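Protein chains: 2
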Amino acid sequence: MSLDFGPAVALSCRECGARYDLGPSFACLECFGPLEVAYSFGSVSRADIEAGPANIWRYRSLLPVPVDVASKQNMNPGWTKLVKADNLGKALGIRDLHVKDDSGNPTHSFKDRVVAIAVEAARNFGFHTLSCSSTGNLAGAVTAAAARAGLDACVFIPADLEQAKIAMARVFGGKLVGIQGTYDEVNRFCSELIGDPLGDKWGFVNVNLRPYYAEGSKTLAYEIAEQLGWRLPDQIIIPVASGSQLTKIDKGFKELIALGLVEDTPYKIFGAQALGCSPVSTAFKAGHDVVQPVKPDTIAKSLAIGNPADGPYVLDIARRTGGAVEDVTDAEVVSAIKLLASTEGVFAETAGGVTVGVLKKLVDTGQLDPSLTTVVLNTGDGLKTLDAIADDATPTAVIRPSLDAFRAAV
Amino acid sequence: MSLDFGPAVALSCRECGARYDLGPSFACLECFGPLEVAYSFGSVSRADIEAGPANIWRYRSLLPVPVDVASKQNMNPGWTKLVKADNLGKALGIRDLHVKDDSGNPTHSFKDRVVAIAVEAARNFGFHTLSCSSTGNLAGAVTAAAARAGLDACVFIPADLEQAKIAMARVFGGKLVGIQGTYDEVNRFCSELIGDPLGDKWGFVNVNLRPYYAEGSKTLAYEIAEQLGWRLPDQIIIPVASGSQLTKIDKGFKELIALGLVEDTPYKIFGAQALGCSPVSTAFKAGHDVVQPVKPDTIAKSLAIGNPADGPYVLDIARRTGGAVEDVTDAEVVSAIKLLASTEGVFAETAGGVTVGVLKKLVDTGQLDPSLTTVVLNTGDGLKTLDAIADDATPTAVIRPSLDAFRAAV
Numbered sequence: 001m002s003l004d005f006g007p008a009v010a011l012s013c014r015e016c017g018a019r020y021d022l023g024p025s026f027a028c029l030e031c032f033g034p035l036e037v038a039y040s041f042g043s044v045s046r047a048d049i050e051a052g053p054a055n056i057w058r059y060r061s062l063l064p065v066p067v068d069v070a071s072k073q074n075m076n077p078g079w080t081k082l083v084k085a086d087n088l089g090k091a092l093g094i095r096d097l098h099v100k101d102d103s104g105n106p107t108h109s110f111k112d113r114v115v116a117i118a119v120e121a122a123r124n125f126g127f128h129t130l131s132c133s134s135t136g137n138l139a140g141a142v143t144a145a146a147a148r149a150g151l152d153a154c155v156f157i158p159a160d161l162e163q164a165k166i167a168m169a170r171v172f173g174g175k176l177v178g179i180q181g182t183y184d185e186v187n188r189f190c191s192e193l194i195g196d197p198l199g200d201k202w203g204f205v206n207v208n209l210r211p212y213y214a215e216g217s218k219t220l221a222y223e224i225a226e227q228l229g230w231r232l233p234d235q236i237i238i239p240v241a242s243g244s245q246l247t248k249i250d251k252g253f254k255e256l257i258a259l260g261l262v263e264d265t266p267y268k269i270f271g272a273q274a275l276g277c278s279p280v281s282t283a284f285k286a287g288h289d290v291v292q293p294v295k296p297d298t299i300a301k302s303l304a305i306g307n308p309a310d311g312p313y314v315l316d317i318a319r320r321t322g323g324a325v326e327d328v329t330d331a332e333v334v335s336a337i338k339l340l341a342s343t344e345g346v347f348a349e350t351a352g353g354v355t356v357g358v359l360k361k362l363v364d365t366g367q368l369d370p371s372l373t374t375v376v377l378n379t380g381d382g383l384k385t386l387d388a389i390a391d392d393a394t395p396t397a398v399i400r401p402s403l404d405a406f407r408a409a410v
Numbered sequence: 001m002s003l004d005f006g007p008a009v010a011l012s013c014r015e016c017g018a019r020y021d022l023g024p025s026f027a028c029l030e031c032f033g034p035l036e037v038a039y040s041f042g043s044v045s046r047a048d049i050e051a052g053p054a055n056i057w058r059y060r061s062l063l064p065v066p067v068d069v070a071s072k073q074n075m076n077p078g079w080t081k082l083v084k085a086d087n088l089g090k091a092l093g094i095r096d097l098h099v100k101d102d103s104g105n106p107t108h109s110f111k112d113r114v115v116a117i118a119v120e121a122a123r124n125f126g127f128h129t130l131s132c133s134s135t136g137n138l139a140g141a142v143t144a145a146a147a148r149a150g151l152d153a154c155v156f157i158p159a160d161l162e163q164a165k166i167a168m169a170r171v172f173g174g175k176l177v178g179i180q181g182t183y184d185e186v187n188r189f190c191s192e193l194i195g196d197p198l199g200d201k202w203g204f205v206n207v208n209l210r211p212y213y214a215e216g217s218k219t220l221a222y223e224i225a226e227q228l229g230w231r232l233p234d235q236i237i238i239p240v241a242s243g244s245q246l247t248k249i250d251k252g253f254k255e256l257i258a259l260g261l262v263e264d265t266p267y268k269i270f271g272a273q274a275l276g277c278s279p280v281s282t283a284f285k286a287g288h289d290v291v292q293p294v295k296p297d298t299i300a301k302s303l304a305i306g307n308p309a310d311g312p313y314v315l316d317i318a319r320r321t322g323g324a325v326e327d328v329t330d331a332e333v334v335s336a337i338k339l340l341a342s343t344e345g346v347f348a349e350t351a352g353g354v355t356v357g358v359l360k361k362l363v364d365t366g367q368l369d370p371s372l373t374t375v376v377l378n379t380g381d382g383l384k385t386l387d388a389i390a391d392d393a394t395p396t397a398v399i400r401p402s403l404d405a406f407r408a409a410v
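Top to bottom, those sequences are chains A and B.
When the letters of the first sequence are read in order and numbered with UniProt numbering, they come out as residues 1 to 410.
When the letters of the second sequence are read in order and numbered with UniProt numbering, they come out as residues 1 to 410.
Treat the hints with care, since some could be wrong.
It does not matter which identical chain is meant; a pair holds if it fits inside one copy or across any two.
What the hints assert, rightly or not - Quick list of in silico lysine-lysine cross-link-like pairs, DSS-like style, CA-CA up to 30 angstroms:
#1 Lys84 x Lys361
#2 Lys254 x Lys201
#3 Lys90 x Lys361
#4 Lys72 x Lys90
#5 Lys84 x Lys295
#6 Lys285 x Lys72
#7 Lys251 x Lys72
#8 Lys90 x Lys201
#9 Lys254 x Lys295
#10 Lys201 x Lys361
#11 Lys361 x Lys175
Since the hints were made in silico from the structure, they are not lab data.
What you are looking at is a predicted structure, and each value in this text was computed from that prediction instead of being measured.
Work out the full structure: start from the sequences and follow the hints.
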């Protein structure tokens, strides 16, 4: 098997630093720590990147993908809008606020980024079936990408997901299996399946392809910096489910500094959780280094991971950068969705309500400096979580088509 | 009032050629024909355009907007993906097929393009309230753009629309009025309202701002040509609701030729309707020049305009270019949605099912040359018309989280 992972040279253990050949592995044989991709970057210039396509492949020289990746059949996600959010900033008292709106991706969540990298790994390793455990967005991203790449798909979700996410995970074809249980149970089941002959030849994007997959989140960091004019934000608010996205955005910022693509300016990273599934914010506030698993109960189902694999790393990063991990109630999530929509025309899914709600709370509690450049992430689409706003999702009036009826109504 | 419409110099009547000053007018005082924007283009180069932003404002020198439009608060739609659809092409027997996927716009339909131009007209004319009659997508696009531009909104829809479209039209704020009637009745009501003191100071994007608004559809033509490497497609399939989009794509192609931005190669334009609302395809097939209004009954609600204003122009263009206007049944619409999703990972709304369904029918009936470069439009998002695929929008299996249960299920 001849592998082509571009600038990636090895897998290395995040805990003990042990190195391994690039392969479909995810845990260190020495210490069981998580493996991540190690690189040998050549020289990379802003001009090279700017000359690339309007999707994540403009950063192909910083990702574990072949140099010709842009010419293959994939979903070409990324290069989503960084919305200058002056209206929302005014409402919250923040001077220079931006919303990174990942609802613009092909299946309308940031998951298209990570899956695109996992597809290249699956091709490298010769896997013909793509799989995953998912809280919903990932299932749609995997089945869509598999359809386009000509791969089979078999994906696993909690059976009680939002209707729109189930529909979207099914329409692209492939097998969609509902599991009677929480996401954490779905995830455990997938770990068992990978050790069974039924699943041991499959590419589970967030299990045996996880080291590659997770790198896709770095592109959020690259895009934000480039879209700010090649500089880092001072403060960024990121949703925390498994915690992987937050840790990879930090990794992305550090790479840009190391490569001389941005100035080495300080940044604070804030994690955002829903109170109904807030194991990481609970640990942060208590000053703990370990995260106690919880049983999720929140409308923010895409963040409903009760046992977040990267929770301890999130705590490290929030503390090291001078940020924090905060949480908001489901009612605050709904208010924040409406606030973002009515100020900026961005319709976020519940996870976006969590980040915007946490942003407001960070300002209100003095944890965030409103005079600094601040970016808040919306990682998904309001059309997938309509239940959250169902109480107000009706016309303000219903009338006959006559001026008299309209006059009476207004 | 000092107006700034960039290269636009006048309104001119499409029927009799009478010219008028730029203003909030839409019908010729001489012959009641529709008014459209007339320009005096300077020299425009490919390089100028390519140096512009990744949205419709890269074509600002071809649109009725101020030169600094990109720095204003608007939704920055456009520059959506032209997906090279080799899988779908193989399934249909077409050699070089592309899907222009406008679900990537901010509110996930092509309507963001036209509304963005209308917002600039509203600013020019000093309107503080944006309004429209809508089959759904437009209402969401208008309320979102109004929120971001700091304008009020009051929009009108048939009361029986899809839930997702109602929710999206409401979440951005503004007034959402459901009318007990068809879209054509909503539209007539808006025409009355504009003559009443209640509405005569409003900017109705598709009534008194229609000449400007409609120009936004030209950007689909510009993008397709640029994304094909500055050449025109040989064949293009466009949905027909009012018919405005199809006529403006033709206008856009002709402008590119006149400006020397593309070679003058022949192209065939095909219109696509759902059989349950097919007044234009009926007229085309009967060889008529006039379009008999119908009462719509189709799942493709975004195309359910029974009395299409630009129907006769669609007939002209289809005949002049050697194209056609075809229709498909609702069942064919659903099949086409699934075919597109399972081959290309693109989840279209029912209007996209109509165009892809018509594409298949055109090939099957020999009306389309499968050896030529062909573009098919998807103008909206499957998440807004979930009812169309509801019968299959469930997991393929629901099981306990155990290998035994999975073995039994597969």
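Going through the hints against the structure:
no.: 1; hint: Lys84 x Lys361; verdict: within (20 angstroms within a copy, 44 angstroms between copies)
no.: 2; hint: Lys254 x Lys201; verdict: neither (35 angstroms within a copy, 53 angstroms between copies)
no.: 3; hint: Lys90 x Lys361; verdict: within (15 angstroms within a copy, 52 angstroms between copies)
no.: 4; hint: Lys72 x Lys90; verdict: between (43 angstroms within a copy, 16 angstroms between copies)
no.: 5; hint: Lys84 x Lys295; verdict: neither (36 angstroms within a copy, 44 angstroms between copies)
no.: 6; hint: Lys285 x Lys72; verdict: neither (46 angstroms within a copy, 41 angstroms between copies)
no.: 7; hint: Lys251 x Lys72; verdict: within (27 angstroms within a copy, 33 angstroms between copies)
no.: 8; hint: Lys90 x Lys201; verdict: between (53 angstroms within a copy, 28 angstroms between copies)
no.: 9; hint: Lys254 x Lys295; verdict: neither (34 angstroms within a copy, 61 angstroms between copies)
no.: 10; hint: Lys201 x Lys361; verdict: neither (46 angstroms within a copy, 40 angstroms between copies)
no.: 11; hint: Lys361 x Lys175; verdict: between (41 angstroms within a copy, 29 angstroms between copies)
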